[in-house]
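Chemist: Sequence:
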Amino acid sequence: MVDQDKVREAVRLLLEGIGEDPEREGLLETPDRVARMYGELCGGADQHPSDHLSKTFSVSNEGMVVE
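Numbering-wise, the sequence shown is residues 1 to 67 according to the numbering used here.
Take the hints with a grain of salt, since some may be wrong.
Said to hold, decoys possible - Between beta-carbon pairs, the in silico distance windows are:
1) R36 to S60: 16 to 26 Å
2) D21 to S60: 52 to 62 Å
3) L13 to G39: 14 to 24 Å
4) H52 to E20: 32 to 42 Å
5) K6 to G26: 20 to 30 Å
6) G39 to E62: 27 to 37 Å
7) H48 to R24: 34 to 44 Å
It is worth saying that the hints were derived from the structure and are not from the lab.
Note that the Cβ used here is the ideal one computed from N, Cα and C, for glycine as well.
Please put together the full structure from these sequences, using the hints given.
Modeler: Structure representation (structure tokens):
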């Protein structure tokens, strides 16, 4: 599970560390955006793939399935 508060604080510190002002208009919402991004990116990390990939079927090839 992603700790959104810690991610927001880390982004604020990173912005300050590179000399940016996290309170300026163009960056004000950046910590929230980054925290949401990590929440989506890592959201399923604690789930087992079989929870979502329970349906399988036999195929005659080993190639990638592309729609």
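Chemist: Hint by hint, say whether it matches the structure.
Modeler: Structure-based check of each hint:
1. A hinted range of 16 to 26 Å for the beta carbons of R36 and S60 is inconsistent with their spacing of about 42 Å.
2. The hinted window of 52 to 62 Å between D21 and S60 holds, with their beta carbons roughly 60 Å apart.
3. Remark: the range hint 14 to 24 Å for L13 to G39 is upheld by a beta-carbon distance near 19 Å.
4. Taking the beta carbon of each, H52 and E20 are about 38 Å apart, inside 32 to 42 Å as hinted.
5. Our hint of 20 to 30 Å for K6 and G26 holds, since their Cβ atoms are close to 23 Å apart.
6. For the hinted restraint 27 to 37 Å between G39 and E62, the CB-CB distance of approximately 35 Å keeps it satisfied.
7. For the pair H48 and R24, the beta carbons lie near 43 Å from each other, so the given range of 34 to 44 Å is met.
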